[in-house]
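Given chain A, put chains B, C and D in place with the hints provided.
Protein chains: 4
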Amino acid sequence: MVVVMKRGFTAQELDGVKQQMEAGGVKVMVSHGQDTTILGAEGNAAAVDMEKISLMPGVERIMRVTEPYKKANRKYHPDNSLVPVGNAVLGGKKLGIIAGPCSVESHEQILEVARSVQSSGACALRGGAYKPRSSPYSFQGLEKEGIHMLQEAREKTGLPIVTEIMSTDNVEMFEMCVDVIQVGARNMQNFDLLKQLGKTSKPILLKRGMSSTIEEWLMSAEYIMAGGNENVILCERGIRTFETFTRNTLDLSAIPAVKSLSHLPVLVDPSHSTGRAWMVESMAIAAIAAGADGLLIEVHNDPPNALCDGAQSITPDQFQALMEKLKAMAALVGREL
Amino acid sequence: MVVVMKRGFTAQELDGVKQQMEAGGVKVMVSHGQDTTILGAEGNAAAVDMEKISLMPGVERIMRVTEPYKKANRKYHPDNSLVPVGNAVLGGKKLGIIAGPCSVESHEQILEVARSVQSSGACALRGGAYKPRSSPYSFQGLEKEGIHMLQEAREKTGLPIVTEIMSTDNVEMFEMCVDVIQVGARNMQNFDLLKQLGKTSKPILLKRGMSSTIEEWLMSAEYIMAGGNENVILCERGIRTFETFTRNTLDLSAIPAVKSLSHLPVLVDPSHSTGRAWMVESMAIAAIAAGADGLLIEVHNDPPNALCDGAQSITPDQFQALMEKLKAMAALVGREL
Amino acid sequence: MVVVMKRGFTAQELDGVKQQMEAGGVKVMVSHGQDTTILGAEGNAAAVDMEKISLMPGVERIMRVTEPYKKANRKYHPDNSLVPVGNAVLGGKKLGIIAGPCSVESHEQILEVARSVQSSGACALRGGAYKPRSSPYSFQGLEKEGIHMLQEAREKTGLPIVTEIMSTDNVEMFEMCVDVIQVGARNMQNFDLLKQLGKTSKPILLKRGMSSTIEEWLMSAEYIMAGGNENVILCERGIRTFETFTRNTLDLSAIPAVKSLSHLPVLVDPSHSTGRAWMVESMAIAAIAAGADGLLIEVHNDPPNALCDGAQSITPDQFQALMEKLKAMAALVGREL
Amino acid sequence: MVVVMKRGFTAQELDGVKQQMEAGGVKVMVSHGQDTTILGAEGNAAAVDMEKISLMPGVERIMRVTEPYKKANRKYHPDNSLVPVGNAVLGGKKLGIIAGPCSVESHEQILEVARSVQSSGACALRGGAYKPRSSPYSFQGLEKEGIHMLQEAREKTGLPIVTEIMSTDNVEMFEMCVDVIQVGARNMQNFDLLKQLGKTSKPILLKRGMSSTIEEWLMSAEYIMAGGNENVILCERGIRTFETFTRNTLDLSAIPAVKSLSHLPVLVDPSHSTGRAWMVESMAIAAIAAGADGLLIEVHNDPPNALCDGAQSITPDQFQALMEKLKAMAALVGREL
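Residue numbers (UniProt numbering), protein chains in the order written: chain A, 1 to 337; chain B, 1 to 337; chain C, 1 to 337; chain D, 1 to 337.
Chain A extracted, bound-state conformation:
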């Protein structure tokens, strides 16, 4: 931690800051520059009250020099975390491709899609039962019935199921029924939900918030891990920028960034980020090129008649063709599929 004093600070003010820092258990080094005097903390600064110091007279600003996340930090956990998803493992050499429709629509639909993505090599089935829709007048998902259809598809195919949770009301039911619990972008800072998920035993797929920095994203992972559940899978799904041609702006440079900062596996969702089915292939391949540990892809057996997000869903045939390209891409970056 570094404290920068204002020009014209008094000796008394400097003393005050020094004492407050020392009260937090650190030794303080003072360094007098020409225009600037700074104080550095020596020792563990965790117990120093940074906000209080920032408000003390004579203080210009205070800067943290270490990351605020610990359990998610690669510094304290240099090896990649390996998160089990059914029989697959995310974060290792083998890529994990999770595929399925935006929404579960019927027994037949989810089973048909499950079988086709399985035969193409997907490691898990995704499908929304509870849907976050910006309009209250849009289709809101089949809810509990949708979960049952997913379970049925799992029973018949053996594919683990991944689906989004939207409320703390459903934590218990999700823990019982699904294999990976997805937290959507809109709930990335729903801290009550994160805390409760931290007490479950199921892996959590944590999407990046639409306007969340990488640090905030890792802090949300930290919430889950601090509760005891260290099986967190991150998923980049595009951020909000001024550009409107694509639904969101896929931030692929976040992949090497997060891989350097954290040991957690990172997936990319090329469907939601672009919002356009014809862009999914190029962004999926680029994501693997950028170092992603896997993908979350929307596949629908009949996109023009999908109840939700048909515009960004690819067909089973397109998915099959994409998987072939991804195999070659994986090899090129030293991965497997």
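These aren't lab readings, by the way, just hints derived from the structure by calculation. Keep in mind that the hints are not guaranteed to be accurate.
Each pair may be met inside one copy or between any two copies, as identical chains are not told apart.
List time: in silico EDC-like cross-link candidates among lysine to aspartate or glutamate, alpha-carbon distance up to 16 Å [to be verified]:
1) Lys327 x Glu172
2) Lys195 x Asp169
3) Lys259 x Glu172
4) Lys75 x Asp35
5) Lys195 x Glu230
6) Lys71 x Asp35
7) Lys75 x Glu60
This one's a predicted model, so the numbers in the text were calculated from it and none came from an experiment.
The following block gives chains B, C and D in isolation, referenced to the frame of chain A:
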């Protein structure tokens, strides 16, 4: 609704689109431009499946020409909504100033602040009991105990209390205990929460999400109103941009924008938006100049020792001085305080 | 300046950094934290090569603790700068309102607008002769002829003229012909232009770039001032964000921010920022409330037939009414008009 | 073009709009919806004054349905443009890799880098002689002398040279001396410069502005092409967003977007976008995966001692290794290197 056809569309494709639109119950007008052919819907287009049409062969794009929100729309409700907050009313000629600490910290603290903001003319007391903190290691609020302290302060001062809800688990308790239920920026699209709040009888103070468009904000209000609770108060609290000098970028032009689009009252929070106490006064006055119906201001009896957000809290004396200026400002724009 | 070392740095790496800092003429203080070791510079760090140090082995990051701008910095120039514009002065107690059409269109038009804004109390006339248009097929301004029309209007009214320069080719001509040379948002980092304007004797009105931070904006002012021309007037005109209801997002909190960081006068352009004439009044009043030293407002005698930006131009009558309100607003914040 | 009327418009207002549209030479179709009446233009709407109509009484809004760029538009030029760069061609099957230092620093440096990137397979040499630096106190480039060093390197290696122009003052000299004239992000909307470059005979490498939409970028290409120079090469270099871990946010989904909208070749600059040398490899490979026609990469023989942007420069050895990977990547997406 307007559909634009791709260059080189076929007569059959045009027919398909026309039929799909007509299936939604509208009459269709076709207009052939030089480069572009467009179809316009005549009649109520609500039942037309826009997403499906957007995916039909030959379609370049489809544009909505009406707002997707109805109950929040000023077109269908030209007069300002008046929302009761204790004995005050938000949305009328009289401005409403809601003030109090970021967090409830103790019986003494909340009562002292309540008394001082009341004597300066605040119409309600704010104070956080459940706190959304980006770090799991930060103070998370006094929770239920904090609600009790707020109730006690209300009992002794008569001021209605405003506090943030973070989970559907607490809807019932909040409805029973508080006067205005606040939904924070991070939960603006927590749709399950919005749905449940739509069934309560208490006014909802809905903060704008950090990266939410004005339309998305009004759609979240629509979620609450569609559930039956039309007492929604909007609150602009700054949006996330590339500028980092301020905590967020206060979007004051959103005030006249929302006032033209919707009949709901709009407040401004100059504390969270700037993150700096010395900016609160100028932004508070500017907000009233811009047409806001009131303000949400953080006031703390001892900012340097606040448990949360001291850097953006003003003191009771500063609040008192600000209220004097706001009175003059209110008169200048034809309002009262 | 503060250098943070990587975990696991070697004594040799630390020495290397220390020596490189000392080579820049500073004394170095080393402070060993639990997870972190930091080096602070004592003395004038201007000659230390920060980028080189950031690349040295063992270095995690390097942080500047002082602003990179000197001449524009209020720390070294605590009093407000006063910039003369004709007989008026910007930056003092009296506000300066600069008004006129987006584009100069004809002798009659510019003279008519000049006379009306003068009678309402404007201190200078604005009008574009060279226009930055996003399409090459749009009206590009009357160019040299437009400058002559502005000169003529000045001759007949006495109002100083403010107009935008778009190329270094015109610096000499502008210095000769106009009173205040405006640099538009798109040219805020056209450094060659800034350098050449730094050698002229005319005040420069420097608009903030669409996606420029406050620091970059002040650095562009520094370019002009470093060349010898200290008469720089800043102008906030809205930044680009994800919100599209308004043309740009007016950043009014930038006003108190810049006034605290710099001694230069700051204007606000409520016309370009909102892009909507009906929003100009509320944003103009709010800007003065926020502490602006004046305004730049588009006034057109016939907005529906303007050759450019009619949608954001107010009429002379609306301008007259606005000036009355601004007088009251000025008084409220201790200013004059 | 589509005009949407306000609720409650009068027959006279509708007539006025219709006549104004017809005055632009189009036939008008009126379609009456339940809440909305719209007018569609039949025929070539180029001569219709959209801004004027947007201001007419009774008009709610006006929407363009065709792109504003013509020469850059793939609709009117379905085949890829092939732009010659020395003996290479950009936009065809073969990828073009342009490499070299951020700044030309000396005869030896530029020649050494030129020879090494040539032997690794680069098709052109980049190097800055005129540098846009945010601080007037930073190294500004060797200017004319730097151009001479580039020419010398070309003479000795045969590599065509690419360098950035910053002012209209230098158009003639650049046209004479360099092979590809680069327009930097900060000058993407320096329209005077674009116009003058439109009259030269050299290919223009047009970087995307930091906060420019894809449409604005293509409009800037249109400026150059409208002047007669159709050899425009686009270059994505990251956009400004709220995320600050990377210098900018590389927008790789812009690649398939632009390739679908325009026939012009598109490069990616993984160095400026990330600002970090260790991210260059993954983003370079991802860019080719995304469909880019080539790359612009910063290579320096001694990054820790570079006069500019050493943090984002890779070494000749790293470049050599990258080229090997790019060859494999190219094959995977059906391209060559």
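Cross-check of the supplied hints:
Taking the closest pair of Cα atoms, lysine 327 and glutamate 172 never come within 16 Å of each other, the shortest separation being 37 Å inside a single copy and 51 Å across copies. Both within a single protomer and between protomers do lysine 195 and aspartate 169 lie at most 16 Å apart by alpha-carbon distance, with minima of 13 Å and 13 Å respectively. In this assembly of identical chains, the alpha carbons of lysine 259 and glutamate 172 never lie at most 16 Å apart, being 31 Å within a copy and 42 Å across copies at closest. In this assembly of identical chains, lysine 75 and aspartate 35 lie within 16 Å of each other by CA distance solely across copies; the values are 10 Å between and 34 Å within a copy.
With identical chains, the CA atoms of lysine 195 and glutamate 230 are at most 16 Å apart within one copy only, with a shortest distance of 12 Å there and 31 Å across copies. With identical chains, the CA atoms of lysine 71 and aspartate 35 are at most 16 Å apart between copies only, with a shortest distance of 15 Å across copies and 38 Å within one. Within a single copy, lysine 75 and glutamate 60 get their C-alpha atoms only as close as 30 Å, which misses the 16 Å cut-off; across copies the closest is 12 Å, which meets it.
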